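Participant: Sequences are here, hints too, so could you generate the full structure?
Just so you know, we're using my numbering here: the sequence shown kicks off at 1 and counts up by one.
Honestly, I wouldn't trust all of these hints.
To be verified - Between beta-carbon pairs, the in silico distance windows are:
(1) 106 / 4: 19 to 29 Å
(2) 107 / 61: 34 to 44 Å
(3) 69 / 33: 49 to 59 Å
(4) 27 / 64: 35 to 45 Å
(5) 4 / 79: 21 to 31 Å
(6) 61 / 31: 40 to 50 Å
(7) 80 / 30: 38 to 48 Å
(8) 66 / 23: 38 to 48 Å
(9) 66 / 14: 35 to 45 Å
Quick caveat, the hints were computed from the structure, so don't treat them as lab data.
What you are looking at is a predicted structure, and each value in this text was computed from that prediction instead of being measured.
From the three backbone atoms N, C-alpha and C, an ideal C-beta is built for every residue, glycine too.
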Amino acid sequence: MSHTTALAVAEHIEALYGRPLAELEAHVDAQQTQSMLAALLGIHARLLQAERSIDHQLGRLRELTQPGREVGASTAGAVFDCARRLATSVAAREAHTQAATTVLSSLRRAAPPQAPAPQLPPASAAAHPLAPTR
Numbered sequence: 001m002s003h004t005t006a007l008a009v010a011e012h013i014e015a016l017y018g019r020p021l022a023e024l025e026a027h028v029d030a031q032q033t034q035s036m037l038a039a040l041l042g043i044h045a046r047l048l049q050a051e052r053s054i055d056h057q058l059g060r061l062r063e064l065t066q067p068g069r070e071v072g073a074s075t076a077g078a079v080f081d082c083a084r085r086l087a088t089s090v091a092a093r094e095a096h097t098q099a100a101t102t103v104l105s106s107l108r109r110a111a112p113p114q115a116p117a118p119q120l121p122p123a124s125a126a127a128h129p130l131a132p133t134r
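Facilitator: Put into structure tokens, the structure is as follows:
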């Protein structure tokens, strides 16, 4: 049961926001506001759900199509239903992967703020060596 796409998206979100996914989810839950982070976490959750569904449907198909298993009308219907659900889950995974990839590739981690350069006190124009003289 490998959820490699969801894992890669989670790692990218963590790198972008500099915090573990669980901490980011808790922050979004506490804020209860719409934000880019909330959207990304929602996409990730649906992506993970699609990957779990793919794993489940593949397992069910393997079970239904084991060598030596008799395939009757009810089994054929179950195989067809699993294949349909599998196709739906794969389409959902692809759509969520595309959305996450597009959004994540457009975002960059902000650089930490730089300390401002010290300001020199204003000098009078007459005291400046390059000041025009009259």
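Participant: Now, for every hint given, state plainly whether the structure supports it.
Facilitator: Consistency of the hints with the structure:
Distance hint for residue 106 and residue 4: a CB-CB separation of about 22 Å, consistent with the stated range 19 to 29 Å. Range check, residue 107 to residue 61: Cβ separation about 37 Å, and the 34 to 44 Å hint holds. About 52 Å separates the C-beta atoms of residue 69 and residue 33, a value consistent with the hinted range of 49 to 59 Å. The beta-carbon spacing between residue 27 and residue 64, approximately 43 Å, falls within the hinted interval of 35 to 45 Å.
Range check, residue 4 to residue 79: about 26 Å between beta-carbon atoms, so the 21 to 31 Å window is met. The hinted range of 40 to 50 Å is satisfied by residue 61 and residue 31, whose Cβ atoms lie roughly 41 Å apart. Take residue 80 and residue 30: their Cβ atoms lie about 45 Å apart, and the range 38 to 48 Å holds. Between residue 66 and residue 23 the Cβ separation comes to about 43 Å, which falls inside the hinted range of 38 to 48 Å.
For residue 66 and residue 14, the Cβ-Cβ distance of about 40 Å falls inside the hinted range of 35 to 45 Å, so the restraint holds.
In summary, the structure agrees with every hint in the numbered list given earlier.
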